[in-house]
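K.L.:
Based on the sequences and whatever the hints tell you, model everything.
2 protein chains.
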Amino acid sequence: MTSDILIARAARKLPITEVAARMGLGDQEILRYGHDKAKIAHHAVAALAHRPRGHLVLVTAINPTPAGEGKTTTTVGLGDALNRIGKRATVCIREASLGPNFGMKGGAAGGGHAQIVPMEEMNLHFTGDFHAVTAAHNLLAAMIDNHIYWGNDLDIDTRRITWRRVMDMNDRALRDVVVGLGGVSNGFSRQTGFDITVASEVMAILCLARDLDDLHKRLGRIVVGYTTDRRPVTARDLKADGAMTVLLRDALQPNLVQTLENNPALVHGGPFANIAHGCNSVIATETALRLSDYVVTEAGFGADLGAEKFLDIKCRLAGLSPAAAVLVATIRALKMNGGVAKEELGTKDVAAVTRGCANLGRHIENLRGFGLPLVVALNHFAGDTPAEIQALQAYCARHGVTAIPCHHWSKGGAGAEDLASRVVELVESKEADFHNLYPDSMPLWQKIETICTRIYRAAHVEAAPGVRAQLELWEEEGHGRLPVCIAKTQYSFSTDPDLRGAPEGHVIPVREVRLNAGAGFVVAICGQIMTMPGLPRHPSAETIALNDLGQIEGLF
Amino acid sequence: MTSDILIARAARKLPITEVAARMGLGDQEILRYGHDKAKIAHHAVAALAHRPRGHLVLVTAINPTPAGEGKTTTTVGLGDALNRIGKRATVCIREASLGPNFGMKGGAAGGGHAQIVPMEEMNLHFTGDFHAVTAAHNLLAAMIDNHIYWGNDLDIDTRRITWRRVMDMNDRALRDVVVGLGGVSNGFSRQTGFDITVASEVMAILCLARDLDDLHKRLGRIVVGYTTDRRPVTARDLKADGAMTVLLRDALQPNLVQTLENNPALVHGGPFANIAHGCNSVIATETALRLSDYVVTEAGFGADLGAEKFLDIKCRLAGLSPAAAVLVATIRALKMNGGVAKEELGTKDVAAVTRGCANLGRHIENLRGFGLPLVVALNHFAGDTPAEIQALQAYCARHGVTAIPCHHWSKGGAGAEDLASRVVELVESKEADFHNLYPDSMPLWQKIETICTRIYRAAHVEAAPGVRAQLELWEEEGHGRLPVCIAKTQYSFSTDPDLRGAPEGHVIPVREVRLNAGAGFVVAICGQIMTMPGLPRHPSAETIALNDLGQIEGLF
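If you're matching them up, the sequences are chains A and B in order.
Using the working numbering, read the first sequence as starting at 270 and increasing by one per residue.
Using the working numbering, read the second sequence as starting at 270 and increasing by one per residue.
Just so you know, the hints here were simulated from the structure itself, not pulled from any lab data.
Backbone N, C-alpha and C fix where the C-beta goes; we use that ideal spot for every residue, glycine too.
There could be a bad hint or two in this list.
Derived Cβ-Cβ restraints for the label pairs, each shown as a range [said to hold, decoys possible]:
(1) B/Glu744 - A/Arg459: 55 to 61 Å
(2) A/Arg281 - B/Gly295: 19 to 25 Å
(3) B/Ala683 - A/Gly588: 27 to 33 Å
(4) A/Arg750 - B/Asp422: 32 to 38 Å
(5) B/Arg750 - A/Arg505: 53 to 59 Å
(6) A/Glu781 - B/Gly819: 37 to 43 Å
(7) A/Glu781 - B/Arg750: 54 to 60 Å
(8) B/Gly796 - A/Gly819: 41 to 47 Å
(9) A/Gly669 - B/Asp296: 51 to 57 Å
P.N.:
Below, the structure written as structure tokens:
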């Protein structure tokens, strides 16, 4: 991993004004943040609305394993490669969360010679978007307790407040807290907690809002809890929506940075991929589509969780229609899916690759079910053997898909030109016939069942007591047309993280459902979902510091 | 107040690159944040070190009253006026805290035609400095609980952790909380709380650090609590200092904005004026001094609290030496000090002005005690009568000080040219013979007594049980040379906020002392000090929103 940071530091960055100029954006259309970061101003975004959209390409992957798949690296490499073969391409990815960088080493945006820079800033405060989300979220929380303190005119049931607070920090001590201790002047005591900022519904809203007006409306619809007679209380009831919009005004503008090869990258928004939809912002994707022939973007986790949400939540709500999908796999990850332990990944094992391809095949089927033409990108690692690669290619050929070895990690865009050419072929074939998995009109429980049986191949979906009644109540309240966001482990099609490959016939239990009326989806929680991480025994924060040159050490 | 925002919106701002260029700073020496904000880069700050310093002028005031004094307005007006009479002058003020803007209306930087812009951004996220302070502070907090969770090798006594968490929000429910509930995986439960970000010692450190290296060292010295055998535990013991420095790297760079008259203003840092020293950053003041003939800066609250801390903490630690002081007063505030109720301030009352001058006179004496030549700036209000103004001028003349009526609020810099000329006269007279109130070597308790008796004119200082023993312990541990920061009401020389004028013979009780080993001072708490405000019954957040033009309404 050390080389990532050395490669990033050696990058010959262009002034961000030049990157913008190549996209056709002048100095007045961007807001610079230093020399190598900028936001595209609201007025410039609005002025693009009449332009035709370029082609949207989704990069997704097999189920993640500890071996690493390189989805972001492939997204960046493909973007650079498309530019090399003469297409104006823009990469769109999510922003990094600050807190986790101080826990485990990590945080790069891509890897090797397929990275987005400036890496340090993107993993620290960047342009302040996450801090704005934190502030907007916590202002609403403060206004809830303040409303109760001053007489509780709305009759909020303090036992039924669902809105917690957030912090962009791995801090397990804040998961479960009691606030309002210390006497009358500090208000009424109650039990609540903090989530990490990326888990905030405000983050999901920022990523789904079309413009400031839509942002305002969505914020107003947030349900923060219930009255003693169980009517929902919204952010608008508390008159918090206007001030929250003001706090998020700048953050809604997409961030422009660049790849190592000086191609534009919009890095904007970062909702959780489990309890939220896990994609970069609609506004960034839309802006990129108006400015490019091709937009390459990625979805969180594997194609089961990530692509499904990208397609059924983001594309549905924003009216986006992808032209093709790229499914990333590595020989190492396929071997793990074929039952090989991490320690033994260095040993050639063709049979394990073939066994692991069952996971890949399941994702291929699923993506085809959405009407998307696709290509498999084999993200090449040094230890891959020709026989293993052949086994993968043979499997893909049997399923009518091309698998293309890619070397963007070691060679940058030049290493992914074959992939880029295949993507262009797929897009220009106009094979795409994108459709959602389920219609808006389907009842909520049936939506959950449809995702779980058709994507996750569960034999049966089990609802915890109260879940179905809750869904029906929301339908009565007018939320029945919302899509569903499944929150479950990303490591398996089942709810057992150790069950790799392509399990079927399992049961998926829905423990709890949550209404995100502002973001515009219902979350179905299947299994334990952690919304506030902790720090490890030796957090990377212990070794992060400035070196004598003023460079940041230990962050990656 | 409405006109402030209209005047600010009508401002003809220069591109910030032009403001920088006029100071001699090129494009590579600043980091732009949009079109009208920038940071002066670390390398540019460092390159100035060899240059001679300009003259430092302190703007301070009589004790604050609800009538308003206009200290910031006068600071800005004087800066503009100095530029008008041919001096290269820079204004240095503090940044605004985000949270309180959502409580009470307010937040402008100056007023009328003496303002700093862009007003909205400066009162919202600005360049993210406060968010960086919040993150650095809370990372340290997370690392404390994480250390205990993983075995507590340092043997931290969980009952003696003094480091709380912070949030830039008025949220009374967070003042007193229990964290770590919910079972084994969430750590050990303990009672703690949140302060508002400006109350963080990290903020005070940011404002006193000379450079990144000094910042790192100061952060490492922060005492977060005590072991079971009562030895102090520092941020360095927890290995948090390096990562905190990384989080604050960008924030340490001074922010450049402009006045309505396009003169440079450095707006940087914002420590509390009670439990901390309440001045803008040392690094901003130093940078401005190397780039200007004159630097006009202000201190928090009245001259008793604010100027004393500016002189005995900031100037002492940074080796700064002011050349003159401006003492701001208004006829209205003097009348309140003379016993007039707020509702009756519109009525002419020469006798009340003269009575109120006792407060002014006390501050004149105190400032002279520091060896500073001074002038009184009468910040003119429309209702002031000639007889009242004459009474003030006569009082000042008797005390050997010129009192100059100023009209910068209505006329901008042109309204403060007389004041500017007098300031130049004082500076050029080289009368200043600045010296601190007490030497570093004085014992801590004696420092407290010296400030309370000589500045506050207390007859006697009372220590709560344990206070003097605590101070002696810190002296034994090597903290005896630190200056003292008095935390008390800003409304009176006494600890009774209703005792206006020039009380004497009172007793000041020291309830508690706190060690800020990182910032480099000992805080003596005299009276109730609120470190986490609450929101009012109808917070201004309820009316803050974007209007149809995308402008922010309700923030001011």
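K.L.:
Let me make sure I understand: some of the numbered hints might not hold for this structure. Which ones are they, in numerical order?
P.N.:
1, 3, 4
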